[in-house]
Structure formats: C-alpha cells, structure tokens
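Participant: Let the hints inform the model, and build the full structure from the sequences given.
From first to last, the protein sequence lines are chains W and S.
If you're matching positions, the first sequence starts at 1 in my numbering and goes up one per residue.
If you're matching positions, the second sequence starts at 1 in my numbering and goes up one per residue.
Source of the hints: derived by calculation from the structure; they are not laboratory data.
Glycine residues also receive a C-beta, built at the ideal position from the N, C-alpha and C atoms.
Nothing false has been slipped in among the hints.
The following residues of chain S were derived to be distant from chain W, with all beta-carbon distances above 10 Å:
#1 Met1
#2 Thr14
#3 Gly24
#4 Glu29
#5 Phe35
#6 Ala36
#7 Gly69
#8 Leu70
#9 Glu76
Take a look, some chain W residues computed to stay more than 12 Å from chain S by CB distance:
#10 Val12
#11 Gln19
#12 Ala82
#13 Lys140
#14 Val215
Examples of chain S residues toward chain W, derived with CB under 10 Å:
#15 Pro7
#16 Gln53
#17 Gly61
#18 Arg65
#19 Tyr66
#20 Pro84
#21 Ala85
#22 Ala87
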Amino acid sequence: MTIEQPPIFREVGVEEAKQLRDAGYRVIDVREPVEWDEGHLPGATLIPLADVASRIESEVPDHDTPLLVHCLSGLRSARASAILNQLGYRTVVNLKAHLNDWRLAGGAWEEPTPLLSPEQRRRYSRQVLIPEVGQEGQRKLLDSKVLLIGAGGLGSPIALYLTASGVGTIGLVDDDVVDESNLQRQVLHSTDRVGMKKVDSAELTLRGLNPETRVIKHEERLGADNVERLIGDYDVIVDGTDNFDTRYVLNDAAVKLRKPVVHGSIYRWDGQVTTFIPFAGPCYRCMYPTQPPPELAPGCDVAGVLGVLPGIVGLLQANEVFKLLLGVGETLAGRLLLFDAAGTTFDEVRIWRDPGCPACGDGSTRPEASADAVAAAPAGPAR
Amino acid sequence: MSTIRIPPVLRENTGGSRELVADGGTVSEALDDLFARFPALRDRVTEGGELSQFINVYVNGRDVRYAQGLGTSVGEADTIILLPAMAGG
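Facilitator: Below, the structure written as structure tokens:
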C-alpha cells in the first residue's frame, strides 16, 4: 500500500491570500522578469521558478518567515512551494488562482512607471532603437538641461537638433534681436521676425518643433556678474558666442562650477570644436591663456562667415552634447577639431591641461578660482 | 623642409595661401624662411622676436609648448599648424 504524500504547503484562493498578505506574509513572485515588468504585487520579491532553490536563502534567510507564493495561474508557484517546503520553510502558502482574479478582486497591484510615454516612444523611436540610447538614454535626454550661450549662428542648429531629439530643457542666453543679416545662417529665425528678440523667436520655432521641450529664455548678456547664476542649474553648457570676453568669463565660471562646456567657433570657411571638462581635461585658458587683440580675431560681422559653416560646426557641438548627456562614445576633450569648409578637411590637434593655467592649474592665483578647484588639480611644476 | 598651414586670419599676409612649404630643420627656422618671403607675417605672429602668445604652434598635432618650443625639429613629412584663437559664433 502506498501512501500519497499530501502537499504540506497550503493552497488558498484570492480572498484568503489578501488576508495573509495583509497579515505580513512575505510575497514571493516566481514569474519571469518580463512578466514582472508588466505589473506585480507591491512589496513582492521576484524569484523566477528556476532560481527559487538557489536564491531563496539569500532573499529570505529565516525559515520561519511565512511565505505567500504566486505565479500567473498557480501552477509554477505550486512547484515553487514544494521546493520551499523541502528547503525547510515552515509556512508556505500557494495562491491557487489566476492573477487576473487577484486584480479583479481588488488585490494590491502596481505597474512600474514606464520610462517613456506611448507618444514619446513614437516620437523618439528612431533614436530609442540605437542600442547605446534605448529608453533609458532617451529618458536621460528628457531629464537633461542644456544651456546655449547665444541663439545665433551656432546656437540655431544646436537648439533645433537638441530640441528635436527630446532634450528636456533648453536654456537660451541672448540679449540680441533678429537682424536681416542674421538670416543667411541663423536658421532658428525667419524673415517675419526681424526686430523680434532672438530668445522669443527661438522659443516660437522650438515650441513648434517639439512642444515637450521646455525653453527657458535668459534675455541678458552673459557677464561676470550673472554667469554663475545662469549656468548653475544646467548639465552642459554650449559656447556659441561671438566674442572673447564672453568665452573667457564663461570658461572661468564653468571651471569653478565644474560644468562641461562644448566649445565652437567659426570664421569665414573655418571652424573649431572641442569639449572642455573641468579638471578631467584642458580648459579654454589652457589652450589660449590670454585674450588676443581684436585685429587677430575679428568677428563674423567684420570678417564674414559661410552660411553652412555654423550649421556644420554647430552640429558637431550638438553631437558632443549628446555624448556628454548619454555617457557614451568619446568626446573631443583634449582634442581640438579643425574644420576647413573650402577643402572639406578635418584636422585635429592635441590640447593639454596646463599645470600653469590661471583658471584650472595648480598654480592658479586668480582670486575667483575656487578653493576646491585648486585643491582638485594634480600637483605639477609651476611655470 | 616642412609644410606650414596658414590660419585664415593670416592668409592676407601670405597672398591668400593656405599652405606653404618652408625650409629649415626647426620650427623657428621654418618660420624665418616664411618671414623672409612674407615680411608682413612677422609682425602679425611675433612680439619682440618671440612668437606671440596668442598663437599656438602644433607640429603634427602636438603643441610645441609641450615639446622643444620653437626649437622643435621638423622634417619633410611634418606639418606645422599656426593657430590663433577664433572668436566668431
């Protein structure tokens, strides 16, 4: 005569399971992670059936802990319950019911907040498909804040593409108005907006392109008095200014506040791009310690600039922004990229962090250099 | 002998040339050869006999400040880039 071994775990229906859960039973969900991701009981612990034997001891070391085990229908969890019994857990209860019934009966349930809404998944689908971006990367972009210094030649393509790609917040610093002579290259603006503030014109364009992106208008000129306030809240700063004063003021504040700056500059047929990451690479002053005289560095208004040049250089800058925000690829930190539109050639020169740099070097004597910035610089010979 | 890239802002001093071949075994000698042919260039890139601090000089992409300065040797296969800061945006 054989004695059939009854299951020594109990099996319960939805109502009793709800009471047990409320009474403090530890809920073990033995489904697969993809099922879990679609929704699960709050506070439950996910251990797929195949992993129950190997993982339960580390998740629940105390064998006296009462366990409520469930899967989708009660079958896998019955097998898991038997295993748990064999491993010595004294109070094991299997939910012998479908999870749909649990939910219909008002059982506690939570669904994870999706990283992207259905609209966002559609809008950014081509980008999300890239393995290095994915939904996580797109979420990062949506949560990012980028400040553009200048809504002109370089700022235009940068703002357009960052906005189109779903960077969540774009700050624009510009106190200028749209002039007819801007329209040959500043594609954020248009003929009917001549005389309008550039930040207002930019906002109209960007809102039309992607209403989700928040545009913050800073209608002021960046200077020593406001630079720290302006850049403080942003993740990445993009330098698309048209003058040296602003570039040096921005550099020194960005070093102090440790903000990465993506640098771009243009002249006639030529452009330069690099990325400054404070203390991890050189800064603008490492490259050019002091400001050159005006005759060596005329602006676009005097020297002229090819219309497509800011488009090309600006998008190289935007590319740097994406890499910084996503943490993928290799930035131009430590490399200055030189573009010659006439020959369609790229050159690259190495730029080094200068231990004698007045902004980020260890021998810095600039009164505005922060104490921690000086302390963070590696020791090196004073020049 | 080496190749020297002329930055756009200095091309008016080299008759519009973007790239020139210069004689000399060091950066200094190559520049002297250039100055002999384009005297106006000397005033633009030197100050009191020294190279202006506003212009960076690279040999094959390496800043000569981190090599032997203007004494850095150059040969036929080498390219010297003169690079003043650029402001426009």
